[in-house]
Amino acid sequence: MSRRVLLVFAHPSRDSLNGAVLEHAITGLDRGGHEVRIRDLYAENFSPRLTCAEKRGHLDAPETKPQLADDFADLRWCDVIVLVHPTWWGGQPAILKGWFDRVWASGVAWTLPDGASHIRPGLTNVRRIVTLATHGSPWRVNAVQGVPGRRIANRAMRAVCHPLCRTSWVALYAVDRVTDSRRRRFLRRVERRMTRL
Amino acid sequence: MHATVLLAHPDPDSFAHALANRAVIGLRTAGWTVDLIDLDAIDYPGAATPDEWRAYPTAEPILDDVVRRHADLIRHTDALVFVYPTWWSSVPAVLKSWMERTLVPGVAFTLEGPKNRLVPQLTNLRYVVGITTYGSPWWYVKLVNDAGRRTISRTLGLLARGHASRRWLALYSLDSRSTQSRQKFLDRVERDMAALR
Numbered sequence: 001m002s003r004r005v006l007l008v009f010a011h012p013s014r015d016s017l018n019g020a021v022l023e024h025a026i027t028g029l030d031r032g033g034h035e036v037r038i039r040d041l042y043a044e045n046f047s048p049r050l051t052c053a054e055k056r057g058h059l060d061a062p063e064t065k066p067q068l069a070d071d072f073a074d075l076r077w078c079d080v081i082v083l084v085h086p087t088w089w090g091g092q093p094a095i096l097k098g099w100f101d102r103v104w105a106s107g108v109a110w111t112l113p114d115g116a117s118h119i120r121p122g123l124t125n126v127r128r129i130v131t132l133a134t135h136g137s138p139w140r141v142n143a144v145q146g147v148p149g150r151r152i153a154n155r156a157m158r159a160v161c162h163p164l165c166r167t168s169w170v171a172l173y174a175v176d177r178v179t180d181s182r183r184r185r186f187l188r189r190v191e192r193r194m195t196r197l
Numbered sequence: 001m002h003a004t005v006l007l008a009h010p011d012p013d014s015f016a017h018a019l020a021n022r023a024v025i026g027l028r029t030a031g032w033t034v035d036l037i038d039l040d041a042i043d044y045p046g047a048a049t050p051d052e053w054r055a056y057p058t059a060e061p062i063l064d065d066v067v068r069r070h071a072d073l074i075r076h077t078d079a080l081v082f083v084y085p086t087w088w089s090s091v092p093a094v095l096k097s098w099m100e101r102t103l104v105p106g107v108a109f110t111l112e113g114p115k116n117r118l119v120p121q122l123t124n125l126r127y128v129v130g131i132t133t134y135g136s137p138w139w140y141v142k143l144v145n146d147a148g149r150r151t152i153s154r155t156l157g158l159l160a161r162g163h164a165s166r167r168w169l170a171l172y173s174l175d176s177r178s179t180q181s182r183q184k185f186l187d188r189v190e191r192d193m194a195a196l197r
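Protein chains in written order, with the numbering used here: chain A, 1 to 197; chain B, 1 to 197.
So here's chain A without its partners, still in its complex pose (with noise of 0.2 angstroms):
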């Protein structure tokens, strides 16, 4: 089945093995079919920084933030969400969690009803979050450090989506370390998850 993909890459330079895990990907969604839209946070020079304007309505509309509008399209148009990152800090880098903090806005990936305690989902044409993490600490430090970036994207992310939206976290870790078989292993699975999406 033929999906809609919103790649998200979050990378300072496409000459990474996060550009190398982007290409493999691409292609991988191409060879299946998929219809696919890239964002390159870095290449475009997303300000991850919510502004005070925005934060101070972000209870209000979509349309009253069309500085963002393009941002909301793509959110309202995916059925699957594909995030390319290298884990910083246990988590996302900086400028995919400002995308977070300012793209996942009331009215689009979210409503909070009047008197509700806690946000209702608004993404629900969002049917699976595939990450494509690199980890520059082994898996056991990982571990410990409590996975606070694969939380953020299968459980915080995901309970704005499709109630039965999927999630996935196709990971390689101590990325220093690892033989270049293994790299290439990892980058022919990449593309190998794509196609199959």
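There's no promise every hint is true.
Okay, derived cross-link-like pairs now, BS3-like style, lysine-lysine, Cα gap no bigger than 27 angstroms in a straight line [what the hints assert, rightly or not]:
1) Lys142/B to Lys184/B
2) Lys55/A to Lys184/B
3) Lys115/B to Lys55/A
Rather than coming from a laboratory, the hints here were simulated on the basis of the structure.
Here the structure of chain A is known, so what remains is to put chain B in place on it, guided by the hints.
Coordinates of chain B only, in the frame set by chain A:
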């Protein structure tokens, strides 16, 4: 005794600002000297730059004077106090950016030996404190995720090699709180900070 208070909220009239002010008052009452860093007020960049990413594995990972000043500060401070609103279960992007740019090799930790063993360097820290507000109720935070707390308590706790005592002061369901209950939390923050020795 010296404390560094990091504040991350774009609105100068925010409740987070009131919390930071009361935390500073409390600390000063107890005889601490305090540096307050209001990240949005100093227009702190929301993400590490491509040049910083390239410099990260080198002997000179810090390229910016502000970052250098902050690094010197936290190498000598006795308490690190984070004040921020919890967004998407974690810290705002600008605070994540501060961690990524400041807590670099040579400041927060060193990598030693052939296996790049991580050796914590923030052993000067006696307290790591988080003061935060959640839009969601307590049960929702526990059920879905508390990544910000994990990042600060565990990762920073690790970098202080367990020398630091960790405190967590949180107000849940912020939006439905009465003025009185907010006031009570402000008093509690001041009282708890005044009790740090």
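> Is Lys142/B within 27 angstroms of Lys184/B, Cα to Cα?
Replying inline: At roughly 23 angstroms apart (the allowed maximum being 27 angstroms), Lys184/B and Lys142/B satisfy the hint.
> Holds or violated: are the alpha carbons of Lys55/A and Lys184/B at most 27 angstroms from each other?
Replying inline: Status holds; Cα separation ~24 angstroms.
> If you draw a straight line from the CA of Lys115/B to the CA of Lys55/A, is it 27 angstroms or shorter?
Replying inline: violated, 44 angstroms
In summary, the structure is inconsistent with hint 3 from the numbered list given earlier, while agreeing with all the others.
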